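2 protein chains.
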Amino acid sequence: MARSLVVAVAQLGPIQKSEPRALAVGRMIGLLERAHARGAGFVVFPELALTTFFPRHYHADRAEADVWFEQTMPSAETAPLFARARQLGMGFHLGYAELARAPDAAGQMRTRHFNTAILVGPEGDVFLKYRKVHLPGHAEFDPRRAVQHLEKRYFEVGDLGFPVIRAPLPGLDGVNLGMMICNDRRWPEAWRVLGLQSVELVALGYNTPSLNQEAGGFEAPHLRVFHSHLSIQAGCYQNACFAAAAAKAGVEDGCELFGHSIIVNPQGEIIAQASSWGDEVITADCDLDLCRLGRSTIFAFDRHRRPEAYGRITGQTGATDPPVWRRPGGDGGSSEK
Amino acid sequence: MARSLVVAVAQLGPIQKSEPRALAVGRMIGLLERAHARGAGFVVFPELALTTFFPRHYHADRAEADVWFEQTMPSAETAPLFARARQLGMGFHLGYAELARAPDAAGQMRTRHFNTAILVGPEGDVFLKYRKVHLPGHAEFDPRRAVQHLEKRYFEVGDLGFPVIRAPLPGLDGVNLGMMICNDRRWPEAWRVLGLQSVELVALGYNTPSLNQEAGGFEAPHLRVFHSHLSIQAGCYQNACFAAAAAKAGVEDGCELFGHSIIVNPQGEIIAQASSWGDEVITADCDLDLCRLGRSTIFAFDRHRRPEAYGRITGQTGATDPPVWRRPGGDGGSSEK
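Residue numbers (this note's numbering), protein chains in the order written: chain A, 486 to 822; chain B, 486 to 822.
Isolated chain A, as found in the complex (with noise of 0.2 angstroms):
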């Protein structure tokens, strides 16, 4: 019998700065509905789902940045939204600010800033919470960007690894799920942790802009979609699952996010695509045992991994310098100009 899941991703349009979050929990309730009526038991919204996407704007004073986090989920803004999914059965993946009081690595309390997002389940419960890992851009005011992106300055770097967790959703006693956030999706490592914890659907949320400020003019705008798909597609394929990954797309605050939310198949094919810039449904009738395929053959990791050649993926952080070939005994190959 195939495990059998309608997938949906809720795509946003843009949220302006001055935007209420009220406003925002108002559409994805919508989308929720469109996504029930089109027999979704599942949803993805997407990174930071709440808010404009605030870390292109620079607060000098870091803690005037916390109205853009949440302090309680469900806070009462979000209530609604969480009522609705139970009254319709449905599971959802939500992005957002997190503002907590948690321990830091030394058993300390503290207050600390995540880029979080959660699983919860049809029944209202929170499976599974991630906490943003790959955190790109800057820390410090970059007077060469036009577009802050000012993550490093915001958020820590999410302490809870890559979680995996087995969960019941509308029809399944039990879905491998994972999570992943925006630029996480980049970083095969993030797939990989995933796949040996034998995820079959990774949720996915981002904000993407249309133009890469840190290129400097040197990477065309029209391979920043390619590349976030490529990305996806490729960890789907080498992990064996599907994932959903949910964009904020249109302009939002005078900058361009790309959209192009997909929903992505274990053989890495793109089974369903958002084409607007705006709030958006696509669904997908995923059967999780398509998992399988992938990963009792050419990716059998237990047959095929070889850990023992992957030592500098844990072994080291930045790239290092190759050796410089010397012919031996001979005077050597040319030396650097």
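Because the hints were derived from the structure by calculation, they are not lab data.
Among the hints, a few may not be true.
Copies of the same chain are indistinguishable here, so a pair counts whether it falls within one copy or spans any two.
[Said to hold, decoys possible] Derived DMTMM-like pairs: lysine to aspartate or glutamate, alpha-carbon spacing no greater than 25 angstroms straight-line: (1) K637 to D787; (2) K614 to D806; (3) K614 to E793; (4) K502 to D806; (5) K637 to E793; (6) K502 to D774; (7) K502 to D787; (8) K614 to D551; (9) K502 to E641.
Given the structure is predicted, the values throughout are model-derived calculations rather than measurements.
Position chain B relative to chain A; hints supplied.
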């Protein structure tokens, strides 16, 4: 100044079981000359380029298969290729089956078998040797397969890791060169280990059947080329490097190999592609400085990688089951049916 190198991929059409090495070498010299006429300074030949893809043939007595292996390199049969390349001042990459007298892990001299490739410089020096790490297939005769894939029978797992070396190629004082063989390209770990050594150009040969015998009819044949390209494109993008991937193509011993050799740039774009099922040269003018963009921005590993979250990649070989969600303090999630 651009660090420019015209790179060629020399795709080989089929080599039937009965064809002698001298015939293959003659074809390779012809391809080398065609690449030279197109301005190339470096040519990539496929995996196991001297013979038919012999792991499809079962020898009950493994020693019988030694006939497919090279005991020296250059050998008498390959010496003309080395000589012609040196005459033309060209570097090349060659894949072959290596029979070596070499120490094993315990330090004892043994006769060993590897699926090997070498990088040869324009003056005939062997810059680098690589022995295939990710051996696909199986070790014993599999009666369910119409065609065998006995790489795990005939080869040991490579013992040289994924080395990178900086060595001179025509017009360039130093290029950071690495290698992969066939199935390695599907493993993001292999790409990352090369990327962590600042690889700029990955030479890669393959022999890949158009039908996945292992998939029991579930994998659509049209996805085979897609998966190969997807993996190479993602590997190049995520590690900001070029790859030159050379196939054997066409019907060999009754088994179709899918060809579609490509050259890929650090943006993950295919910049040259073979379209025949036979001997064919493709070329691309590669500015190796294009590797800088990715590795100084979005893939600046030292700023963005988080090895503390990657422990599973080296800490375990196979996939584990995730924990099953239980409602805190309650009777928990549903049990498995």
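Do the hints match the structure? See the list:
1. Within a single copy, K637 and D787 get their C-alpha atoms only as close as 36 angstroms, which misses the 25 angstroms cut-off; across copies the closest is 14 angstroms, which meets it.
2. For the identical chains of this complex, K614 and D806 are inter-copy neighbours only, at 18 angstroms across copies versus 38 angstroms inside a copy, given an alpha-carbon limit of 25 angstroms.
3. Taking identical chains as interchangeable, the C-alpha atoms of K614 and E793 lie at most 25 angstroms apart only when they sit on different chains, with a minimum of 18 angstroms there against 31 angstroms within one chain.
4. In this homomeric assembly, K502 and D806 never come within 25 angstroms of each other (Cα to Cα): the closest approach is 44 angstroms inside a single copy and 42 angstroms across copies.
5. For a Cα distance limit of 25 angstroms, the shortest separation of K637 from E793 across copies, 17 angstroms, qualifies, whereas the shortest one inside one copy, 33 angstroms, does not.
6. For the identical chains of this complex, K502 and D774 are neighbours neither inside a copy (42 angstroms) nor across copies (39 angstroms), given an alpha-carbon limit of 25 angstroms.
7. Within a single copy, K502 and D787 get their C-alpha atoms no closer than 49 angstroms, and across copies no closer than 33 angstroms, so neither meets the 25 angstroms cut-off.
8. Proximity of K614 to D551 under the C-alpha cut-off of 25 angstroms is restricted to the intra-copy arrangement: shortest distance 20 angstroms within a copy versus 55 angstroms between copies.
9. With identical chains, the CA atoms of K502 and E641 are at most 25 angstroms apart within one copy only, with a shortest distance of 23 angstroms there and 59 angstroms across copies.
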